Amino acid sequence: MTLTVNETSNASGGDEASKPLTDQEQEWVDQFMDETTLFLGPDPAIMRSHQITSRSAYEEECIAKGIDPIQIDRIRKRLAGALDEGYEMCEAMGAAPGAKWGDLTTAIYTAEGDVTYLSCHGVIAFSAILHHPIRYIMKYWKDEPTVGINPGDGFIHNDARYGNVHNTDQSMITPIMRDGQIIAWVAATIHEGENGACEPGGMPSGSETPFDDGLRMSPFKIVEKGELRRDLLTFLQHSVRDPKLQLADLKVKIGAVQRIQERVDSIIDEVGIETFVAALRVTVEDVEQEVKRRISELPDGTVTFNQFMDSTLKENILIKFACKVTVKGENMTVDLRGTGPEILNRAINSPLCSVKSMMMQAILAFWWPDLPRCTSAMSPIDIISDEHTWADAGYDAPMGQSLQASFRGFSALQTAFAKMQFSNPEKFSNVLAPWFNQINTFLWGGLTQHGDQVGNLCADLNGMGGGAKAFRDGEDAVSPLFCAMADTAEQEVMEEEVPFMQLVSKRIVRDNQGFGKNSGGMGYEMIVAAEGTPMWGFMTVTSGSKFSSVTGMFGGYGCSTNPLAMVKGINIYDIIRKDSSQFDLSMERIMNDQPYEGGKYTTAHMGLQFDVAKDGELYMIAQGSGGGYGDVLERDPESVAKDLELGRISAHVATTIYGVVWDAETFVVDEEATRQLRHDARQARLSRGKPYKEFLESYVQIEPPKDLLYYGSWGDETDELTATHFTSNGPERVKATVDKLPLIMIPDRREVKIEKLEERIRELETKHNEVVQRRA
Amino acid sequence: MRIPMTEYLIIDLDTERWTCKVCDHDLGDARGNYKEGTLVYDRDPRDIHQSILDPEKYEFTFAPDPTFCRILEFYCPGCGTQLETEYVPPGHPPTVDMLWDIDSLREKWTERGTDPASVINYGPGEEAVADFSPALGSYNSLSSSAPHSHS
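Top to bottom, those sequences are chains A and B. The first sequence begins at 1 in the UniProt record's numbering and counts up one residue at a time. The second sequence begins at 1 in the UniProt record's numbering and counts up one residue at a time.
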């Protein structure tokens with residue numbers, strides 16, 4: 001920590017003390033502060049910046065010796081090959097389910113930590129955020145006598161507060177050194193899943209304090225001169241539910257980064273250290289320059305896109321994610337002000353760095369996927385954000401489900417870009433409706449049929465529906481927003497390791513479609529039930545059960561909302577064993593027909609905290625759909641008939657949404673009747689639509705509905721946030737700038753429910769003249 | 001010169017007006033919010049995203065909750081094309097989703113010296129072809145292009 005001259009003088013106050021410190025005095029102050037710092041927490045100077053560093057003297061020297069663009073490109077290609085090799089090693093050998101599906105990445109960084117190149121596969125966001133821990137290691141551990149950095153060392157971290165997407169991912173960060181100097185870094189990150197959080201699987205929707213989020217690894221050295229430190233490994237294994245996984249994947253990552261280092265060694269042997277260093281730096285700079293050029297080609301102006309999330313994962317609320325993207329010349333600003341406040345006892349908060357990492361995902365995978373996979377792509381973009389909002393949470397906020405905010409950061413940029421780039425003749429990606437943005441999958445944990453304690457998740461999070469394109473439908477269950485190449489895995493392989501089956505897996509849910517001229521890629525349903533285990537449970541960690549989580553584009557509609565459905569108190573396996581005709585399962589049939597006697601049929605939002613699953617109890621969810629593109633009345637009637645014939649949409653949707661008339665037996669479209677129906681639908685729009693200003697007068701309210709727990713700016717023309725603050729006298733709506741808002745905490749939903757039930761009891765007692773004596 | 005800014009919205013740089021790509025209806029000052037020139041409807045989201053689970057039995061059914069979510073539908077007053085939708089909490093002011101710097105837009109297109117109808121597409125790939133010619137008219141024409149009828 002450095003105390004500046006101004007800070008010392010202000011603290012002292014008097015004339016004598018206001019004199020500037022001499023260099024010697026400042027050195028003493030710095031030394032004193034360094035020696036007496038109690039805790040090296042996340043460093044704001046490191047954590048707030050996503051810009052690349054300026055050239056170091058050594059990089060300057062290397063570049064001054066001359067650059068051959070062809071040679072640099074060749075080095076880059078070889079690095080890409082090395083990183084892909086490391087990626088494939090992790091994928092092939094990784095113990096974490098996430099690793100097997102491609103939920104990982106490898107990357108190489110400059111000495112200062114700027115990402116030069118990522119593996120061609122994997123999660124961009126994982127690497128896009130590692131400059132934070134690298135800079136932390138360089139600033140605090142490089143010259144620290146008890147730590148230091150030596151060849152063969154490896155650093156690990158997982159805590160998002162120090163620069164990570166979320167705490168379930170673990171890194172292995174290793175220096176490349178020559179002559180005692182660090183010239184680059186290589187790192188691998190895997191979504192490990194289990195991390196000892198309050199719920200299994202590493203992404204607890206139920207965390208209420210940062211200490212519920214599981215392992216809190218600040219960057220530290222776990223590999224010393226090539227050897228994994230057994231004492232620290234044991235500590236980590238002791239802190240998680242799956243000690244075998246913790247060991248196995250540490251070894252896998254060490255192996256992968258060592259292989260990448262070997263490949264780097266041969267590149268350096270061939271081209272020399274200086275050319276290698278110059279290649280890394282020039283790549284970073286070239287990408288930044290090219291991004292500035294691309295921004296300057298976009299039309300100047302402002303695109304605004306607001307999102308509203310409907311859940312804390314414990315109760316339904318509405319919290320805003322505001323985003324205003326402004327382009328002027330070669331400058332782009334992303335302004336997140338207006339976003340709702342952090343909620344200090346709920347898991348949905350995210351550090352800004354995690355939100356930025358998902359913005360990088362949008363930029364490198366959805367805006368300009370042709371660029372070298374280098375995160376200086378975001379360096380020229382300024383981001384304005386208020387600290388202590390849920391997308392820029394402070395140190396004390398729980399972040400177990402930070403993906404809720406960070407995925408909104410992705411959607412903000414992905415969605416806005418369709419408007420930003422539409423008129424630009426120079427495009428590097430297609431005009432696209434919003435991608436689905438929730439993790440609709442089951443997390444699970446407990447004891448397996450092999451007696452192992454585990455906690456992790458199903459690969460179905462990777463089956464997000466793609467957004468509709470301007471010229472074709474979106475693809476069903478194609479890939480997660482965070483990884484183009486991720487796999488939804490073989491469920492049967494999983495079933496050998498875990499004591500539950502997906503009784504329904506990957507079957508499209510009829511009408512679960514983002515409607516449009518081109519429809520969004522559809523999601524599929526999943527029905528799971530455990531058996532043969534003394535202890536097992538499921539969780540879900542998703543919002544979007546009351547408010548659609550993605551919108552449409554240019555007149556198209558967004559996705560449906562998604563429920564969680566459960567049937568408790570039955571054993572589906574016994575039912576099927578007795579009568580195999582009962583193996584005709586779909587969420588729609590089971591829930592609407594309620595065929596199992598004695599079953600308790602319930603629905604809920606998709607924030608299910610760890611729920612103990614008895615043998616054969618059913619848990620049902622569906623993966624979501626991408627947004628639709630364009631006016632539904634422009635959809636090709638033949639495509640509607642085809643969807644109808646395949647059971648993808650119902651007759652009701654074909655008629656009421658798409659305005660198509662067809663022959664019920666042959667599915668042949670009646671063109672004339674369709675034309676007439678669509679004409680009538682347009683006329684109906686003209687008669688029910690109100691002129692904009694008149695509409696505003698009747699529709700717009702000065703504040704949110706009274707009973708809605710709303711968080712964020714109400715409208716875009718205010719600096720103030722609206723929030724519901726719970727006082728000892730009950731809920732109170734407040735409106736203030738984020739720095740003046742009270743701390744927002746939400747009462748325990750069970751207490752709220754008990755209070756309502758007690759109130760109802762009192763009402764009934766009064767109604768029936770029953771006098772009950774109660775002691776306080 | 002007419003520039004397609006979205007699937008259905010054109011900015012005419014000569015008149016500085018927003019117009020509908022489908023019917024050429026005037027939608028207002030291109031320096032302002034095109035939504036001001038539209039007709040708006042407050043749609044109950046259950047009309048669009050219909051319940052799959054029985055709403056009589058269950059709270060969560062695949063249909064959005066109308067007390068949380070409304071869909072604003074913006075129509076062209078000329079032809080009834082749904083130009084845009086917006087998902088908002090009940091009573092939340094509609095978002096001014098696009099504001100463009102018209103002087104800069106003109107400058108960029110003048111500098112490019114190309115015909116928007118022939119150079120704008122939907123991005124890379126053989127399929128990503130956009131045909132704006134019927135709506136934009138010939139290069140540098142004023143707002144005289146004939147309305148483009150839909151099927």
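A couple of the hints might just be wrong.
[To be verified] Quick list of the computed label-pair ranges, beta carbon to beta carbon:
id	chain 1	residue 1	chain 2	residue 2	range
1	B	124	A	683	36 to 46 Å
2	A	224	B	130	57 to 67 Å
3	B	130	A	743	44 to 54 Å
Read the hints as simulated data drawn from the structure, not as lab findings. All values reported here derive from a predicted model rather than from experimental measurement. Don't be surprised by glycine CBs; every beta carbon is placed ideally from N, CA and C.
Quick rundown of the hints versus the structure:
1. Look at residue 124/B against residue 683/A: about 39 Å separates their beta carbons, and that is inside 36 to 46 Å.
2. Take residue 224/A and residue 130/B: their Cβ atoms lie about 58 Å apart, and the range 57 to 67 Å holds.
3. The beta-carbon spacing between residue 130/B and residue 743/A, approximately 50 Å, falls within the hinted interval of 44 to 54 Å.
No hint from the list above goes unmet by this structure.
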